[in-house]
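Between the sequences and the hints, there should be enough to build the whole structure, so can you do that?
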Amino acid sequence: MRHDHGLTVTLRPHSTRIQVLAVAGDLDHHTAPRLRAALEELTLAPGGALVMDLSALTFCDSTGISLLVAAHQRAQDAGAALALAGLHSDIAHVFTIMGLDRLFSFYESTEKAIPALQ
Amino acid sequence: MVSLAARILRVPIATVTFVDDQWVHCRAAHGMPVPLRPARRAVSLCAAAIDDDGACVVPDTMADPRGTADPMVGGDPGVRFYAAAPIITADGHRLGSVNVMDTRPREVDTEEVKALQDLAALVMGELELRLAASRIVAAERELRAGAERLARTLQRTLLPPALPQVPGLRAAAAYHPVSADEIGGDFYDLFPLDGNRWGFFLGDVCGKGADAAALTSLVRYTLRAAAVYDPDPCTVLANLDAVLQQEHSGSGTPPPYCTALFGVLTPDPGGFTVTLAGGGHPPAMVVRKDGGVEAVRPEGGQLIGILRDPHFAEVSTRLDAGDALLLYTDGLTEARTATGSMLDEEGLAAHLAAVAPTSADNLLAMVHKLIETLGEGVSDDTAVLALSVPVR
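Quick mapping for you: the protein sequence lines, in order, are chains A and B. No gaps in the numbering here: position 4 of the first sequence is 3 in numbering that gives the first Met the number 0, and each next residue is one more. No gaps in the numbering here: position 242 of the second sequence is 241 in numbering that gives the first Met the number 0, and each next residue is one more.
Hints in this document: simulated from the structure, not taken from any laboratory. None of these values were measured; they are calculated from a predicted model. Beta carbons are placed, not taken as given, at the ideal position from N, Cα and C, and that holds for glycine. Be careful, since some hints might not be right.
To be verified - Computed spacing ranges between beta-carbons, pair by pair: (1) B/Ala241 with A/Phe105: 22 to 30 Å; (2) B/Ala138 with A/Glu110: 50 to 58 Å; (3) A/Arg33 with B/Asp193: 47 to 55 Å; (4) A/Asp76 with B/Ala89: 57 to 65 Å.
If you want it as structure tokens, here you go:
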């Protein structure tokens with residue numbers, strides 16, 4: 000299968016405490032550097048929260064998974080929360096098999112994630 | 000290039016031609032239809048041009064014996080003026096020429112001749128660039144092909160050539176690559192432990208290609224060594240995790256990880272007790288003698304090698320005479336069915352229930368057939384390991 004849909008990463012600050020990073024398209028070996036760069040630019044403060052809106056994420060390979068795990072560890076080190084919102088059911092299912100449901104907080108949508116992080 | 004030549008020399012016709020033993024081939028033309036038919040070398044002005052060291056100038060073809068036989072002079076378009084500069088390689092080979100022509104006789108000055116020679120040198124430069132680029136591409140392809148060949152060889156060494164004979168057990172395994180060019184990181188093994196116990200595992204390393212093959216090798220030997228050291232299944236996975244974490248600490252590359260099931264078979268008079276630990280891997284499936292299908296799921300086991308304080312889980316089951324156990328990688332369950340949805344555990348379980356294979360060999364044949372049926376829907380390699388207890 001070919002995945003050449005590209006990846007777009009959009010930062011949408013929600014409040015002083017909560018930031019939303021929308022990731023759309025295919026997250027793979029080729030596109031991961033774009034997300035890595037966006038994550039590195041973010042400032043994660045103690046008590047802050049990052050919602051990754053993955054509702055338009057169409058594919059996630061092992062590089063993408065490594066990157067999300069690294070993002071979680073960075074948030075953890077900074078004392079911030081990380082939530083994954085709107086994950087496609089197939090990808091969520093794969094994450095669950097990998098035991099990542101014990102690591103990440105999954106939310107149906109960004110709208111549902113934000114009140115939970117307030 | 001040819002239109003530039005025409006403009007600089009203020010002529011209506013310009014061509015770039017290459018010459019072989021017998022023919023003159025036109026590769027680009029301005030003011031003439033393309034492609035021009037090849038002309039016989041013996042009669043062509045362009046053949047005369049490349050033998051000239053500097054530039055060949057024929058102010059009036061009617062007054063020059065070299066031009067009389069050229070079809071472009073005698074026929075259409077009736078060339079009267081001709082000038083050309085040879086295209087010469089760095090080591091002196093004459094490949095062809097840049098030619099300008101007019102239907103009226105005329106003279107050229109030294110500046111114009113110099114410009115024509117510069118254009119011929121530009122054509123040569125362009126050719127050399129393209130040649131160099133294609134050589135680099137060919138060399139890169141060769142390197143890549145070499146690396147993939149090496150990786151495939153490595154992969155063959157990663158999978159055991161034949162599974163050992165375990166008394167009272169039938170074991171079979173297969174590897175279904177999705178592409179012959181690129182190798183994945185699926186692995187499995189079955190080997191003796193202390194006393195009469197046996198260890199087995201099956202898993203999947205992240206990534207593809209030579210890196211994945213190297214990592215697979217590390218994982219496989221670590222699992223075997225860890226099992227000798229302490230065969231408790233969760234401890235084996237925890238030791239593998241520690242080794243993988245060590246592997247990437249400090250490096251800037253994305254940390255490698257794997258998913259795996261590791262099990263211990265303990266024989267008893269009726270069959271075997273199976274203790275199975277899992278780290279981020281889909282559950283094993285057992286097909287009972289009566290056709291019932293159960294998932295053997297170490298609930299909550301996490302990815303190996305990448306998480307802080309990962310959790311590995313363990314589950315036990317029995318294999319009695321007529322029971323068969325299937326371990327597989329996610330190439331199978333993540334394959335797309337005709338409806339576009341993932342086959343998934345449910346789809347695999349339904350298939351197993353419908354076919355009800357009773358031996359390791361039947362299980363393998365069933366998976367083989369299923370992968371063939373899924374066809375293009377399979378996008379990743381699949382490894383399968385099947386264990387069954389024969390009915391005496």
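Comparing the hints with the structure gives:
For the hinted restraint 22 to 30 Å between B/Ala241 and A/Phe105, the CB-CB distance of approximately 28 Å keeps it satisfied. Against the hinted window of 50 to 58 Å, the Cβ-Cβ separation of B/Ala138 and A/Glu110 comes to about 54 Å, which satisfies the hint. Checked against the given bound of 47 to 55 Å, the beta carbons of A/Arg33 and B/Asp193, roughly 50 Å apart, stay inside it. Between A/Asp76 and B/Ala89 the beta carbons are some 58 Å apart, a value that agrees with the proposed interval 57 to 65 Å.
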